[in-house]
Amino acid sequence: MILLQATQENAPVWRTHLQDGNQIAQIIGTVMVVIYVIYTYKTFKQIKKQTDYQQDAYLKVENSIVKEINDQDPSIVTIIDNRIVQSKNSLTTKYLRKDIPQKMMEVLKPIFKFDDNLFEGNLFTVNLTNYGNAEVNLINLNVCLLVINSKEVAERKMLRERDTHNFKVKIEEIIGRNGGKIKIPIISTASFPTYTITITGEYYDVRNKKYHIHESVTSGQNEHFLKLP
Amino acid sequence: MNGQQLFEQLYENLLIIGPSEKNLVFYNEIKMSIFNINIIDHFYQLKKNDKGEGLAFEIMFFDNNYIYDIVFTRTTVDYITVLINSVNMAFVETNYGQIKNEKGEITIIDKLQFSISYGGDLRTLVYVMEIKRFSEIHRIKNNLLNTIQK
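The listed protein sequences derive, respectively, from chains P and W.
Numbered according to numbering that gives the first Met the number 0, the first sequence terminates at residue 228, and the numbering increases by one at each position without gaps.
Numbered according to numbering that gives the first Met the number 0, the second sequence terminates at residue 149, and the numbering increases by one at each position without gaps.
Treat the hints as calculated values from the structure; they're not laboratory data.
Just so it is clear, the structure is predicted and the values come from calculations on it, not from any experiment.
Misleading hints may appear alongside valid ones.
Straight-line alpha carbon distances no greater than 25 Å define the calculated PhoX-like cross-link-like pairs of lysine-lysine that follow [to be verified]:
no. : chain 1 : residue 1 : chain 2 : residue 2
1   : W       : K47       : P       : K66
2   : W       : K50       : P       : K182
3   : P       : K66       : P       : K182
4   : W       : K46       : P       : K108
5   : W       : K110      : P       : K93
6   : P       : K97       : W       : K149
7   : P       : K102      : W       : K131
8   : P       : K226      : W       : K46
9   : W       : K99       : P       : K93
10  : P       : K182      : W       : K47
11  : P       : K180      : P       : K97
12  : W       : K30       : P       : K97
13  : W       : K46       : P       : K102
14  : P       : K102      : W       : K47
15  : P       : K108      : W       : K21
16  : W       : K50       : P       : K112
17  : W       : K50       : P       : K226
18  : W       : K47       : P       : K97
19  : P       : K102      : W       : K140
20  : W       : K110      : P       : K112
21  : W       : K47       : P       : K112
22  : P       : K66       : W       : K30
Take a look, some chain W residues computed to stay more than 10 Å from chain P by CB distance [stated by the list, open to error]:
no. : residue
23  : Q8
24  : E11
25  : N22
26  : L23
27  : S32
28  : N35
29  : N37
30  : L45
31  : N63
32  : N64
33  : V81
34  : I83
35  : S85
36  : I147
Note that CB positions come from ideal geometry on N, CA and C, so glycine has one too.
So here's chain P without its partners, still in its complex pose:
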């Protein structure tokens, strides 16, 4: 009798604990399921991203100054199969902006009286290398060119101290995947006393997917244009 009474009094307590435990386990189970779902979603997303990356183009843009394009120089030869053949420089001039250096030369030549060839060359060139897995077929560059005359030249020859030119270059060339390279001369810097060239832009792969080109800045100086003769 005493035992039955005790059982009847204690039963709700352990049952309550059991029910509480069961509820906690259900909550934990639900949380685990949610975590599993999120983890799986993220994993698949990452796999998709990796797969996409494997199909993407990746263009590395480096800037350099090339002294000359020698394709018109008949004295440059290379030896191929024990034969001397005239060397052909692979640099194209079809994207070369000529009017700005020409104007600058017209301004500075009467002042400095150097030979023409000292106002030519030193070409700002973009070196494009495609390390990705898709061919690139279009590159749009936004070029910002800042030309600065020295104070002495600007003041005594009534020139503007600084000039900014913004222009776009649309490069329609195929750059092969996995290391395809191309060098594009953009503008001659030989006639600029001091210059800063900033480049941004975008490029497209053969699937027409767009990628951005991060800003890069190149500066230089031609010291012989800084002091008046």
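Fit chain W to the known structure of chain P by using the hints.
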């Protein structure tokens, strides 16, 4: 004209290339060392620096015994002396014309090359400049050959 006078005359051209302090010292040292040289003919030019950025100042002159070829850049000096009797050929080559590219833009080629071969065909002093200096170079070539003949 002696060597020292020539170097004094050309000093302003050296300053255009913005030489280092050390190169100014070298220029003066060379100037002093060629005091006794009676120059028969000479030429000089500012050209693009083959070794780096900026300009180079190139001087060539000769007397009865030697040809001197000196090139100053902002940071370097190249000083070649060639025995005049070892010269076996002087060669003036010109190229003047126009080339049209695929866009129809015209590029003017304007080049004069003066080569002096000495001590065998493989050793050559080469000077490249614009064609407007042909008469000057032609004169130098003739004077050089006349000096060798003597």
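Practice prompt. Report the numbers of all earlier hints that the structure fails to satisfy, in ascending order.
Written response: Violated hints (numbers, rising): 6, 12, 15, 19, 22, 24 and 30; every other hint is consistent with the structure.
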